[in-house]
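J.: Turn these sequences into a full structure, and let the hints steer you where they fit.
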Amino acid sequence: MARSDRTDTLMGFEGLGLLAGTRRAGNWSGSLPEITGLSVDSRRTQPGQLFAALPGVHVHGGTFISYALRMGAAAVLTDPEGLAIAEAELGPLEVPVVLSDSPRRTLAIAASRWSGRQPETVVAVTGTNGKTSV
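Residue numbering for the sequence shown follows the working numbering, starting at 26 and increasing by one per position.
You can take every hint at face value.
Here are the in silico distance ranges between beta carbons for each label pair:
| id | residue 1 | residue 2 | range |
| --- | --- | --- | --- |
| 1 | G73 | N52 | 16 to 24 Å |
| 2 | A109 | V82 | 15 to 23 Å |
| 3 | V150 | E119 | 45 to 53 Å |
| 4 | G97 | E145 | 30 to 38 Å |
| 5 | P144 | E106 | 33 to 41 Å |
| 6 | L57 | E106 | 18 to 26 Å |
| 7 | V148 | P117 | 44 to 52 Å |
Hint data in this document are derived by calculation from the structure and do not stem from the laboratory.
Using N, Cα and C, we set each Cβ at its ideal position, and we do this for glycine too.
T.: And the structure:
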């Protein structure tokens with residue numbers, strides 16, 4: 026979910042709406058990091074991004090927190106279950122953790138703030154050989 030128009034963009038936790046209605050966890054010292062992007066796929070997480078470990082149908086995203094951290098995630102967004110899964114494997118996390126009872130909603134708010142205002146009109150061209158969004 027990186028911004029395609031500017032790769033150098035940094036946003037703080039407050040700017041992404043991550044402080045309202047959430048709790049913080051994790052065993053880190055210092056100030057909150059600037060976030061360079063949002064990720065829901067630990068395999069594609071890049072350094073500085075916030076990794077959202079969401080509950081899934083078969084596997085909880087908390088299972089992939091350790092990999093996202095190895096990939097350079099600067100912070101984690103998850104629910105209490107995801108944090109428990111990660112801490113069972115890693116112990117107390119050394120990065121900021123945003124705990125939310127509704128992590129998908131929290132991620133949606135962060136993503137909308139990250140992406141900014143979207144165009145009011147989207148045009149789609151359809152045809153027999155496929156579809157193209159314009």
